[in-house]
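Number of protein chains: 4
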Amino acid sequence: MIIVLKQHSGQKEIDRVENLIKTKGLDTHIVKGAGQTIIGCIGDTSRIDAKLFEVNPYVDKVIHVQEPYKLANRAFHPEDTVVDVSGVKVGSGNMAYIAGPCSVETYEQVLSIAKDIKAAGANMLRGGAFKPRTSPYSFQGLGPEGLDILCAVKEEVGLPIVTELMSPEYLDVFNEKVDLIQIGARNMQNFDLLKQLGQVDRPILLKRGLNATYEEWIMSAEYIMASGNENVILCERGIRTFETYTRNTLDLQSVPVLRKLTHLPVIIDPSHAGGKWWLVDSMAKASVAAGADGLMIEVHNNPEAALCDGAQSLKPEKYSELLKDVKQIADIIHRQ
Amino acid sequence: MIIVLKQHSGQKEIDRVENLIKTKGLDTHIVKGAGQTIIGCIGDTSRIDAKLFEVNPYVDKVIHVQEPYKLANRAFHPEDTVVDVSGVKVGSGNMAYIAGPCSVETYEQVLSIAKDIKAAGANMLRGGAFKPRTSPYSFQGLGPEGLDILCAVKEEVGLPIVTELMSPEYLDVFNEKVDLIQIGARNMQNFDLLKQLGQVDRPILLKRGLNATYEEWIMSAEYIMASGNENVILCERGIRTFETYTRNTLDLQSVPVLRKLTHLPVIIDPSHAGGKWWLVDSMAKASVAAGADGLMIEVHNNPEAALCDGAQSLKPEKYSELLKDVKQIADIIHRQ
Amino acid sequence: MIIVLKQHSGQKEIDRVENLIKTKGLDTHIVKGAGQTIIGCIGDTSRIDAKLFEVNPYVDKVIHVQEPYKLANRAFHPEDTVVDVSGVKVGSGNMAYIAGPCSVETYEQVLSIAKDIKAAGANMLRGGAFKPRTSPYSFQGLGPEGLDILCAVKEEVGLPIVTELMSPEYLDVFNEKVDLIQIGARNMQNFDLLKQLGQVDRPILLKRGLNATYEEWIMSAEYIMASGNENVILCERGIRTFETYTRNTLDLQSVPVLRKLTHLPVIIDPSHAGGKWWLVDSMAKASVAAGADGLMIEVHNNPEAALCDGAQSLKPEKYSELLKDVKQIADIIHRQ
Amino acid sequence: MIIVLKQHSGQKEIDRVENLIKTKGLDTHIVKGAGQTIIGCIGDTSRIDAKLFEVNPYVDKVIHVQEPYKLANRAFHPEDTVVDVSGVKVGSGNMAYIAGPCSVETYEQVLSIAKDIKAAGANMLRGGAFKPRTSPYSFQGLGPEGLDILCAVKEEVGLPIVTELMSPEYLDVFNEKVDLIQIGARNMQNFDLLKQLGQVDRPILLKRGLNATYEEWIMSAEYIMASGNENVILCERGIRTFETYTRNTLDLQSVPVLRKLTHLPVIIDPSHAGGKWWLVDSMAKASVAAGADGLMIEVHNNPEAALCDGAQSLKPEKYSELLKDVKQIADIIHRQ
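Residue numbers (the UniProt record's numbering), protein chains in the order written: chain A, 1 to 336; chain B, 1 to 336; chain C, 1 to 336; chain D, 1 to 336.
Be careful, since some hints might not be right.
Pairs involving identical chains hold if they fit within one copy or between any two copies, as the list cannot separate such chains.
Simulated pairs of lysine-lysine, DSS-like, Cα-Cα distance not exceeding 30 Å [to be verified]: (1) Lys51 - Lys260; (2) Lys177 - Lys12; (3) Lys70 - Lys154; (4) Lys276 - Lys70.
Read the hints as simulated data drawn from the structure, not as lab findings.
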């Protein structure tokens, strides 16, 4: 941490700030320039709240040098983390191919889609039982009944299931039944929920908030990890920008950036990012070419009748063709 | 709702879409242009999911004409709502002057600040007991103990208290003790929590999410209202933009816009928006000049030692001076 | 400038970076922490391109301590600049009340509006002769003929005129005829045009680009000043954000922020920011309450027939009422 | 165009709006719902300014159904445009591989890089002679001398050259010497410059503005096309968002979206988007996997000494390896 003093601070002011820093257990190193003095703070600054210094009347600004996260930081954990989802490995070259309907509707629907995506090469089944909807008047998901449908299909088809948890109320049920627990974009900073995920044995799929910076996103993973659960997969699903033709802007630079900053696996959800099915094909290929550890794609056997987000779903045949190309691109990338 | 068909759709396609619309209980009116056909849907479209039509292969786009909210909509409720917070009225010319420390630290601290702000003209006391923090290593608030301190000060000083609820776990305690329950920006779309607020007797202060559109924000109020609690005050606290010199960009256009769209009161929190104490003075004045129904301002007797967000707190004397000017501006505005 | 070396850099790497810094005429001061070394650079770094260091293989990041602008910097010029626009003073408590139609249409139209706004208390007349339009098929302004109309009205009514320059082609004509030359948001980083403004005797009104940071905006003023013209007035007109209900988001925090960073006057254009006439009244009051040095407002005698941007224009009577309130608010603020 | 009237408009109001529409040469079709009336406007609305209707006191909103561009619109020109850059074809499966230094520094530098990139498989040479820089104190490019160096290298190596035009002053020189004239992001809405490009025989490379929507970007291409030059290649180079770890956010959804909206070729510049050389490799692969018609990449033989933007340049060997992978990915995609 570097503290920049206000211009033309005198020795008395410098001393006072220096003493304040030392009370926090840090060493100091003072650099005087022409009119400007800066103080380098030496020690573990990751758990010190910089605001303590920002309010000091002699301080102009506080600059961070270290990242504020530890457990998720690649600097302290150089090897890729491989997350095991009930036998399916994700990360370090192991690809997650997650697919399924936006919402669970009926057993027959989910079963049919699950068989199709498995045949196409998917290794996990997704489906929403609890749905976060902007409007209280929109379909909110089947709830526990939807969860039971997913479990029944899992039994039949043999794919691990991924579904979203919206409330601490269902934590135990999810821990028992769900192979990979998804935390949605709107709950990425529901810190109360994040803390409770430390008590769960299941791996967590943490979606990026619509306006979360990389650092905030990793900090939310750090919340889960610091609570005791280190099995976190990150999922980019688009950010909110000024462009409104697409629902959100898919940020594929997140793949190489997160690769550098953290050891956790990163997958991409191109279906929610754009909100249009005809964007999924090209964005899925681009995601894998960018080096993502997997894809989460909405597939529906009858998008026109889907209870939610049908507009962004692929039909099973289209998904099957897509996976063929995607796997060829993965080959080219992984050979390096 | 208006449905625009793909260019050069034939009569058969038009008929199929028209039939689909009618199955949803709407009437239709068809307008054929040169190459382009549009279908006007007549009836109550507010509870119909437009995505059902968007996925139709003959549909180019679906355009909404009506707002998707009812209870919060000024069109259906032309008079300003006045929310009663334990005797303090807010809305329709009644100003909320909420002030207090970011975090509750000690009884003495809160008591001292409460006395000062009351003397300055504030009519509600704020203070965080549960704090949403980006980092798991930052101070998370005193929790229930902080709530007890607020209650004790309320007893002593006589100002209604405002504090943030982060989890359904404390719903009953808040309903018992807190005069105005704040839902923070990061929980604005924690739909599970919003639904539970319908069971509470207390009014709700709903902060705008960092990237929430006006419509999404009002829809979150609609969630609370549709669950049974119509006493909602909206609070603008800055949105996230590309500008990073300030923490967030305070959007004061929200005041006239919300005035037009909804009958609920709107107040402004200039302290969190900018994140710098020296922005509060001018932004508070601007907020009132813009027609806001109140201000929520951080005041601390010793900002330099504040456990969180000291950088954006005013000292009590500064707050007192500010309120004098603010009230003069309010006079000019209200006289109209 | 502070240079942070990569973690665990050895002495040899530190020496190499230090030598590189010294070749640029700067002194160095080295701070070694646990695993992390930083180098403080002492000297005038404002004209050194930081990218030279960022590409160094041993450098992790480069942090700026000083602002990159000099002439516009309040640190080097503590007193407010007062810009003289053909006798009308702007800045340091002197308010610019600029009003007029979006586009110049006819002599009669401009004359009628000019008389009305003068009677209401305006001290400058605006009107677009050259219009930047998103579509090549929209009305592009009357061009030189529009300029002549403005001049004729100025002769008649006696208000200095403000109009936008879009191309170096008309530089001499504007220098001869226009009292305050406006550079629009879309040309804020037309660096070629900015440089040529140094040859002009007239003051410049520099609008903020839709996505310009405060620093970039001030740097564009610095371009004009460094070219020889120090009479620059800054004009906030809204920035582009995710919110699309309003045309742009008016950033009133710009007023106190620019007040701190620069000595140049800052005025607000609430008409273009929101794009709706019913937002102008409250935002104009808020702007003045925030401490702005003036307002630029679109006024049209027949907004329904305006050739462009009628939707955001006030009628003269409305403008007159508004100025009365605005001046009362200005009184309250200036008394401090 | 659809015009939505204010709620509960009476027949007289409807008639007045209808008459206004008819004076603009459009036919009308009226749809009356419960409380809400809409008017469909039939005819060529692309050249009618919607603001004329928005200001009408009886109108609630105006909704566009047709895109406002014609020449660039795929609906009116279904086949891909192939742009010929001095013999190198771009579009419809023909890839542009443009590479070279950010700034032209010396003949030897450009010659060496040009030979390397040609050997690696590039088919055009880029290099900046005129540089748009945020600061007036940064290196502004060699100007005409830089252009001469590019021409000399072109003579020697035989690659068409691409370089940025910043001012109408050099239009004739560029038309004579430059094979593909680049218009930079900051000049994307320099409408005066765009109009003049119609007089040029050379194809234009139009970069997306940092905050330009797809529609605005295409409208700027429409400006050039409407002025008489239909050879436009679009180049995505990142947009400005809240994320600041990268310089800009690369929006690869632009590739499929533009493919749908326009027939013009689309290429990607991953070097400027991220601003970090280590992002280029993965983003270049992703761009081609997304279906882009080419790549524009900064290559420098000595990035550490580059006069500008060295941080985002690849060394020639790295570029050569990258192109090998890229071409394999292009094969997979094009086979479809």
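Intra- versus inter-subunit Cα pairing at 30 Å for Lys51 with Lys260: both (27 Å within a copy, 20 Å between copies)
If the cutoff is 30 Å on CA atoms, where do Lys276 and Lys70 land: within, between, both or neither? Let me know, please. This pair counts as between: shortest inter-copy Cα distance 24 Å, intra-copy 37 Å.
Lys70 and Lys154: within-copy, between-copy, both or neither at 30 Å Cα: Neither way: Lys70 and Lys154 sit 36 Å apart in one copy and 41 Å across, limit 30 Å.
Is it within, between, both, or neither for Lys177 and Lys12, if the alpha carbons may be no more than 30 Å apart? neither (63 Å within a copy, 47 Å between copies)
Comparing the model with each numbered hint stated earlier shows that hints 2 and 3 do not hold.
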